[in-house]
Amino acid sequence: ALLYFSPVSYTRAPEGKRPLMSPDPFPGFLIGFSPCRPTSRGSVVARSPDPFVAPEIRPNYLDTGEDREAMLEGGRFIRRLAETPAMRAVIEAEVSPGAQAQGDEAMRVHIRDNAWSVFHASCSCRMGSDPQTSAVDPRLRVHGVAGLRVVDASVFPSVTSGNINGPTIMVAERAADLILEDA
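To convert a position in the sequence shown, counted from 1, into the numbering used here, add 8.
Treat the hints with care, since some could be wrong.
Simulated pairs of lysine to any residue, SDA-like, Cα-Cα distance not exceeding 20 angstroms [said to hold, decoys possible]:
hint	residue 1	residue 2
1	25	127
2	25	73
3	25	64
4	25	121
5	25	141
6	25	176
7	25	66
8	25	74
Bear in mind the hints are in silico, worked out from the structure with no lab data behind them.
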């Protein structure tokens, strides 16, 4: 699991609105939690053969009980952390989920209504040797499509155990080598 510490608190905009986040008008900080290996699976589905028609994206967040319980445990951990003397010295009040959200059921409702992505989607075009179970081969070439490669976090065969920035850079570096080798 990952803990996120932000030196500023912010409010998420309603879905479809920009900017995605706006700083709160009061001093604060944010502690967030993200499970590293979620078991819920989403999908990306073509809605049309026209490449200019946006696909349907079904994130399917927190679909499994295992993921929901991991988030609940993350919320409990953050609250225990906030109750330590060092943190109590700097926390005036818990803004979210707030003092009214006491107990596991209230926390579950808060998680269900407020959890969101940290924008690190991956594994939608898995790499592998078998075209039946993967979209790209180990050289990042799309199975059955000449001249097309996928070079991003979507090629990960499974979710990484931390932030995906480093592994994504590694895939890009390796892809550059593969492309040069094949030139």
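Here is what the structure says about each hint:
| no. | hint | verdict |
| --- | --- | --- |
| 1 | 25 - 127 | 16 angstroms, holds |
| 2 | 25 - 73 | 30 angstroms, violated |
| 3 | 25 - 64 | 18 angstroms, holds |
| 4 | 25 - 121 | 17 angstroms, holds |
| 5 | 25 - 141 | 36 angstroms, violated |
| 6 | 25 - 176 | 28 angstroms, violated |
| 7 | 25 - 66 | 19 angstroms, holds |
| 8 | 25 - 74 | 31 angstroms, violated |
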